[in-house]
Structure formats: structure tokens, C-alpha cells
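Participant: Each chain, written out:
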Amino acid sequence: MSMERTVTQAERVSGGLWEGIKAVLARIGFSPLGVVAFIIIALLPLVPPFNQEHIMRWLVMGAFLGAQAVAFDFTAGYINVVNFGFAAILGVGAYTSAVLSNTLPILIVQPGLPPWLTIWIGALAAGLIGFLLGMLTLRLRGIFAAVMAWFVGIALMGLATNMPKLTRGSLGFAPPPLLNTTNNLPYYYVALGMLLLTYICLRLVTNSHMGLAFRAIGQNIDAARASGINPTRYRVINFTLSCVFAGLLGGFYAHYIGSLTPRTVMHTSKTVEVLALAYIGGRGSMWGGAAVAFPFVFFIEYLRSNLSQLPGLHMVIYGVLLIIVMIFYPGGAAQLYSTIARRIQRRAKGG
Amino acid sequence: MEATRVQPSFLERVMLNMRARPAAWIVIAMTLGFLVIIGIFAGPSQLINTIVTGGMWALMAVGLALVFGVMNIPHFAHGDSFMIGAYVAYFVFTPIQAYLRDNPNPFLSAVGPLIGWIAAALVGFVAGAVMEKLVFYPLRMRTRRGWVMNTFLLTVGISFVLVYGANLILGPNFRGVPNYWNVPPIVIGSVRLTMERIAAFVVAIVAIVAFWIFLSNTRTGRAIRAVAQDEMGAEMVGINLNFIYTLTFALATAMAALAGASLLFMFPAYPTVGLKPLYFAWYVVMLVGLGNVQGAIVGGFIVAVLQTLTQQFFGVSYEDVVPVVVMILVLLLVPNGIFGSEVKGIQEQ
Amino acid sequence: MVILETQELVKNFGGLTAVNHVSLKVYEGEIFGLIGPNGAGKTTFINCITGTYPPTSGRVFFAGEETTGLPADVMCRKGMSRTFQISQPFPRLTALENVMVGVIFGSDYHWGKPPEKVALELLEFVEFPVDPHTPAEQLNTVQLKRLDLARALACRPKLLLLDELAAGLTTGELGDLMEIIRRIRDSGVTIFMVEHIMRVIMGLCDRLAVIHYGTKIAEGPTLEVSQDPKVLEAYLGVEHEL
Amino acid sequence: MAALLEVEHINAGYGFLQVLWDVSLKVEKGEFVCLLGANGAGKTTTLRTIAGFLKPTAGDIRFEGQSIAKTPAYQISQMGISFVSESLNLFTNMSVRENLLLGAYRVLDKKKQLQALDFVYSLFPRLKERERQLAGTMSGGERKMLAIARGMMSMPKLLLVDEPSLGLAPQVVVTVFEALQTLRKEGVTILLVEQNVPSTLRITDRGYVMEQGKIVLEGPSKELMNNEHVRVAYMGI
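Protein chains in written order, with my numbering: chain A, 1 to 351; chain B, 1 to 349; chain C, 1 to 242; chain D, 1 to 237.
No lab work stands behind these hints: they were computed from the structure.
Hints may contain errors.
To be verified - Partial pick of chain B residues on the chain D-facing surface, computed with a CB cut under 10 Å:
#1 Q229
#2 M236
#3 N242
Said to hold, decoys possible - Straight-line C-alpha distance at most 35 Å; calculated DSBU-like pairs for lysine-lysine:
#4 D:K214 with C:K230
#5 C:K230 with A:K349
#6 D:K185 with C:K230
#7 B:K133 with D:K55
We put the CB at the ideal spot given by N, CA and C, even for glycine.
Between the sequences and the hints, there should be enough to build the whole structure, so can you do that?
Facilitator: The structure is reproduced here in C-alpha cells:
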């Protein structure tokens, strides 16, 4: 779906129109093959059997999970800090948006703002939490930062549960829908748009000089400091950006799924799901998680509908795959892809 | 066991540690003070509750600290060892109970729970050894770069497999044993002490003390501490690192399983039962300093006191919120934890 | 012109005093050598002046202003860059990207050329022997040392600190390296080097300081210091006694 | 009768960097042998390879006639080779006595352990005085002694000592060297790596000189002391 390395100036200038298009695409993180893959995914719901409502629902979930994996990998794969409170921050976005757009009299506030506006406010709120979390975990290295984020995540979930007047706590409440329809197709394009937006925005950042700084502090913080990078600043920027998109996705989820409880969005196991996807997809690639998300959701939903006597089997599979990837193939699917691509290229050149 | 004492006694060590760390003094003094306050304002039964809980958190945290100190693994699946212990105790004890219903036997009904606990510890031990050999050993053979983070993610994976595996095989139902013994609670003044509560506390204390003696006075225990301090030095004197790693992980798992088994009357067995103990064990080790085993023992009680205070003043539902605030303050004031953390290789990332 | 001055610099680790009241001056344009037996506190000294960690007491002046305790990234942008005793690359970045990090973030100065180009030139300057697109994790120690040097140079230093850059090199490579260091000095960069290999020190340094047990025992022109009886004793001390 | 330790044509290194090139050396039972050379010549690498912390990429190492080139470090230690590394690798949060007892980790007999303890205490009375002190709080010289004593606790057949004079004050170096001489008189076989050439040659029987990963000279210490190359390159004469 994308090119791994940053495009050099020389490449951008040289070559004809085709090269120029390729360079522009690479800047936003796409290879020509990636574009093709994306178009295929976008057209899927128009062809049977994908045009059935329940399968379109899987597609929406695929895009939603994929976008989450992208935003998660932006932190984990670049500055090498696992944001273990990711789901909770996504939940902050979801709840902010849901409460602000609420019109139901079951809660004390009924601002009733349009969801299209509130999901952005939710994103900002999540970004603010991300900013604070970034500040908080600044001086902490690796595992300390991850555990701190985890605790903050649990605390946020605790808060959401403990403010029943705003959130109805674990009883859950139903935010108004984003679109005036119960069809999944429009939602799918919104979700896909969000995936694209998340991916392109974050990709633009990582392809810029800032991305180099992220990778530098993620790989060797002492050397990064000695090279003039202020780790504090970049870490906070990274956390904030990643959380803004998490919040945005949370808002979308709230208004799509139409029912919200702290456990179903903010629980640690939700973070782990995204984490597993991002790592299986290939850490530091960003597109890996998104690409893997679709087949995974299909696989899982297939299992769920056909093997309903085995609840949670898909989670076990997630776990096993995560373990296998971590031990034997840390590059994940993205590395597999680039190895194969390189081999094909070499063979094409040789033959 | 050694005939001669070869190291400063526990008390001496603690004192030494204290002198170097005034923060620890203050915290311990405050904890004792809070205990008195709890005793006065919330009543003696709350006080006893706190102490019992403290013993359990200490037992959980010791394993966590040990695994981190010796192997540098931030163990996220430690709570699932607790869950394993709870299930094993349930499945061993229930048949005994059923048998007793038909054939009353005072001796068996007295030791029945004991069998359950020992079985839980044994299964935990084996499960830990298997986990180490199956997961961490291959990773260690492949690479040790980024070890702390990679093993953390591995334990996340293990946790997923165990939790949902349990869910798959045993289902989401609660399986509890309301009481181990059919004896009336002991009443001292206004305090009612159930046998289970006393037993859980005794188990925790016995396990911790036994473990402490093992660590400080036996050849193998000394080898474990040696590996925690200097791996190459340990290899130089002929210690087989792989054996020590497996043993350490197995021991830590066994302790968590034991905790799960002895608390079965409070926490019935279900797939995600380990989450809370895990959370509190991590709370303890982050507070006292990662990898600090002595600190973890004291820390268990500190956290129990904090927990009771939270319940008293904010309500049970804030149990998850307050720790974060406490932890932020601690990490801001004493970044290495109140008892300090001297773990090899933690600087790695 | 003094470019770097330390006054009574002290660094304690727990009970251990690694650097003990060291005062010294480095003049602009010279190659200054800091020598001393292993474990004498040389690297700690460098870490204190580059801001890796703050000194326990004492003051540091760099290019006319006090810089005591400023963090490493600020010191780097002020014009003090360093290499590490054990090279510290960004393992999954290519050699070129490693140097680009220094070019982009190391100084506020705009090179006027795209960073890739500057980085390539710097790699060429240090005679980097392999393809610049090789990931750093695939380089050997000698190549990493060159890469580290290029990265440090990319920060546009006024003062360059080299921590045992020559360790582990063969005789031929030593000659090349000395040539490169001379060229760096000629381009107007002051050099502060910690070194073990006497050949490099005698061949390059204008002035020397010797520290032993964290304490400075000599400072002055190279020839003078190398014949100082105190220095000889620190290095070959046992000789008179067994 | 084969020598106690035979290193035959080994190559070794770290990752892509080869440090040792075709290194061969021999230590007979009861001998005190030294390995000299400048910083970075490969002396430490040679010791680490013998002790099993690095595996040779070519060649063989035999101890008492048995190949140990592929044996893990802890087993080599159990076979009777003690390695006292440059960085000492002491257990800093344990008492002196505990460190020493760990040195006798492979000795299961309690009585023998205590005998060994008495022996090293007689060698280093200072350690007996500090028995209960934590290793990390001792001075540099004391730590070095502790490391050597710990190496002796298993009553090894061969003691490998890496740069004992490193970072020590001259006075302390004398003490450490005297201790090594005492060990030698007790009949311990020692392979010593040193940069401090004159003093080392004075106390050893035989020596090897390494330069850039190769052995360039070998012979009895007395001859090496008079060798022109050694005098010029290492003794500043």
C-alpha cells in the first residue's frame, strides 16, 4: 500500500509524468499498488456478496479498526511508546461527542449539537488528553510510559463509569446517529474516508522532517538528544496527534453503533485488539495494520457467526498471532510484503 | 539451607534501605498512621480487612517484582496466573466438597482447601515453566534487543490467550466457593473474623516468608538473586541462566496462582478475574520501584491502606481513579519509586 | 580565545566521585586531548559538559556563556556536538538518514542545500566506506564510528568532542582518521578528544590534560605533559615498586 | 601429556567485526602465563572466547584434552575454568561472603565450601574483615580482590584474569599482583591478561604478545623482557 522509505528530492524531480504521480502518491504514503488495493476495497460493497448489509457492517468495522491501528502505530511504531490507554482516549472522543450531541432527556445535559460538529470537538478533547498524557509520560522510558498510559486509561474508564449523570455509567446510552439512514453503505464511505484521512494526515507528518525526529527518538533517545532533537516536544506532538485521530474515530463509532458503555469502548482489551492488529500488520509501517484489519474482521466475524458455540475464539487467535509475530517475525505483514515485493522485482530484473 | 547467616537480616536490610531513602520512611510512617486512622474511624474489621488484602497484594507483587528483577519482563499476564490458581482450586475443591457431603470426615474437611491450594500452586508452577520455555526462551534465543518492550507485548498476547482460552473452554460463568470451612466466624468484640480470611492471610504470610528464606539462604535462591544483579557474573560462577529463568518464572506464577486459590471465597473464578489483582500488583511495583522484591512486600500493605482510604473517602467506584493520581505524584517526586529500583537493563529504552 | 572552560567541575554517582574538581580551558582552533587510565572519569567529564547529565557542582562555560546543566539537545544547537565511546546509531535508519537527523535538527543554521545532499557530502568527507542506504544495524564497529563522526559534524559544531574515536582501528585506518580529524580542525572546528592511543595523541594534539581518579594531574602542551613525571607515574606507576 | 589448555587457530569477533585472527596458545599445568598487548589488540576477546562468552568462528579450544569451543559458559565454569573479567561482574547488592559462596556455586559439599572460604580469607585477610559488607560499597582494590577470590572459590584448575591493574592506584596494583604471585605459589595455573607490561613480565613464567588480533611473539618472560620489540613498543625504552 505504501512506500517504506522517504522520497528523495532527486526522485521527485526526475522522471516523467508517471514518476511525478508516483512521487506525489509516495508523499501521502501510497504506492500505485496501494492505490489499486484501496480502490478495490472502496468498491467492494457494490459487488455481491459484499453488498449484503451484515457484510457491509464487517467492512465498516474493518475500516474503523484499521484506522485505529494506523493512529496507534503512529505512536508505537515511531516513537516506540506503547499507548496502553489508547482505547480509553478513543472513548473520551466518543463520550464527548455523544454527550454534546445528546437530545435524550435521560441525561442532565441535552446540548443537542449536530454530530458532524461534535465528533470534531470530541477529537479535540481526546487530543487534549493525549497532550496531557504525553506531558505526563515524558520523562518515563518505555515500559514506565506504557504502564502509566494504562493506568490513565483505567482511570478514564473509571471516570466514565462514575459520572452517571453525564454518561449513564455502565447502563450505557444511545447517542444520535451520524447519518439519517440505517443503511451501512454511507457509513462505510464515512469510515473509509476517516481511514484515508487518518492515514494521509499522519503519513504527511511522518514523511516530513518531524517523522525523522520521531523515529530518531524512538530508536535511540540519547543519540537523538545529542543530535539536537528535543525529545519532549516531539513526544508530546506525537501523542497529541495520535489521540486527536483516536478521538475522531471514537466519535464516529459512538454515532455509528448507537450505544455506548465504558466497557465496550474504553476497556484495556480494546487497546490490546488494536495493538495486536498494528503489530501483526507490521510496526512502524502504519499501513500494515490497516491492510490486515479487513481480512481479520472478516475472518473473525466468519468465526463468530459460524462457530458461535466457541465465543472468544478470535481473541485467542489474536493472542497467538501476536505471540508468534513478536517471537519469530517482528516485521509483521508489512515486512513479509516488502520481502516478497523485493524478490519479485529482483526476479523481474534478472529475468 | 545454610547453617551460618551470610547476610544482614531482613530487618537490618530494611533499616539500611531506609537510611538511604528518607521517602520510604515517611511513606511507611504514614501508612502506619493511616492504619491507626482506619482502625479508629472505620472500625477494627476494616483494619483487619486492610491487612488481609495487603498480604494478598504483597504476594502478587512479589512475583511481579521477581520476574521483572531477574528476567526484565514486565509481566502483563500475572493476573491470569491468579485466574489459573482460582480455577484449579475450584475444580479440585468442589469434588472434595461433594464427596464430604456424602461422607463426612472431619480431617478431610479441615485439609480439603489445603489440597486445593497446593494443587493450584503446583499447576501454576508447571504452567509458568511451560510459558517460559514456550514463549520467552525462543525470543531470548533470537534476540535480546528491545527485550523489555517485546516481552511486555508477549505477555499481553499470553494474557489474551489465557483469558479468552478460559472463556472458550470454561465459559464466562462465575465459579466460586463461598466458604472453605463450615465453621462459625471467630468473634472478638465487635469484629467477626471468618476462617477463610484468617487462612488467606496466613497463606500469604507463610508463602512470602518461605520465599524470602528461600531467596536469602539457599544456594538456588542466592543464584536467582545473582542473576538479577549480574547475568554475566552468574554465568561466570557456573549458574545455568536458562534454568534460573525458568525457575523464576515458574515460582512467580505459582505464587500468583496460590493467591488466586486462597482468595477464591472473595473472587470467584471467571476468565477476567485476574484483572484487578494484576492492576493492584502493578500499582504496588510502580509505587515501590520496579523489580524491588523487598519493596513489593511492604508496598502490598501500603497499597491496601490506600485502597481502604479511597473506599472510605471517595467510594468504591473511585478505586481505579485514585491510584493514578498517587502514581503520578510518586513518579514525579521519586521517579525510581519510593524504595528505589536497581534493575539491570532497564535503561535499555 | 577560550571556547570551553570548566571551573571546579564535580560529578558524584552515589558515593563515588567520578570527576573531582576539574578546571580546564580549551582554546579556539586547537586540538585538545584528554587522557587518563581507564575508569579515570574522562567519559563522565564529557557527559557533564555536553549535558547528558548535570554536574554535581562546578560551572561550564561554552563560547562565552555559562552552559552549566543545559540539556544535550540545547548544547548541540549551541554548537557542541560529540561522538560516543560506543557508537550510538539509530539502528533502523539508513546511514544517510542517520546523518540527516544531525543536518536537520543539529543546528539552527540553514545549509542552503537539501539535507540529503549535505548528508551525502558529509559521509563522503569521513570516507564512509559502504552504501549510504545501508541500515545502521548492519554496519560494523569501524563503519559505525565513521557514521557517528559524520552525524556529529552534521550538527555544525564549533566544538567537536570525540570519545575514543580511534579505539579498535588498524594502523592504516588510524592514519586515515588522523588525516580526517586534521581536516576538520582546518575547517575551523575546535576539537576535544579523549583518546588512549598515544600515537594519535602525540600526532594530533596541541595541548593535553591528564586526569587520574577524576582529578586533573596535568595540563599543558603535549610534549611537556607527556614527560611530566606525575603523568608517567599514573600510567606506569607500578614499575618502580615491584 | 597434552597441555591443560590448548587454543588452536581460533578466529572470533563480534557480529561483522572479526577481532581474533588465527590465535593459538597453550597453558601447561602449574604455569603462570601472560598475554600482553595494547588496548584493542584482542586480549580480552581471547579470554572471553576461552571462557565461553564468545564462540570461535574457526579453530578449536581444548581443556584437559576435551573440546570446549561449543560449550556454554556456565558449563566451562563448572569444568574448572574461572574467569575474572575486567568489569569484575560482582553481585553488588550482596555481601562479600555471599559473593564468595556464589563463587563456590558448583561445589555442593558444605565442608569444601567452608574450606575454600578459609583459603581465600587467608589469601586476602582484608576480605574477612569486610565479610558482611555489600560488594558494591567497597573500594576498587577490594573489589578486584573479591573478584579474584570469588574466582578461586571453586578451586579451579585454571584461572583467567583480565587486566587486574585496570583503574587501580599503583599501591593497590602491587597488592593485587602480590596476591597473584601467592596463588601461583599455591600451585594455581593462571592465564593473565595485562597492559602493564614490565610488572607482568616480572612475575610470570611465559608470555604471549598480541597485536591487532594476532599473536606476534611468545616466549619465556625473561626473554620477552629483553626483546627489542617489546622494549620499544611496550616499555617505552
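Participant: Work down the list of hints and note, for each, if the structure agrees.
Facilitator: Do the hints match the structure? See the list:
no. : hint               : in the structure
1   : Q229               : 4 Å, holds
2   : M236               : 5 Å, holds
3   : N242               : 9 Å, holds
4   : D:K214 with C:K230 : 33 Å, holds
5   : C:K230 with A:K349 : 67 Å, violated
6   : D:K185 with C:K230 : 34 Å, holds
7   : B:K133 with D:K55  : 24 Å, holds
Taken one by one, the earlier hints fail for this structure only at number 5.
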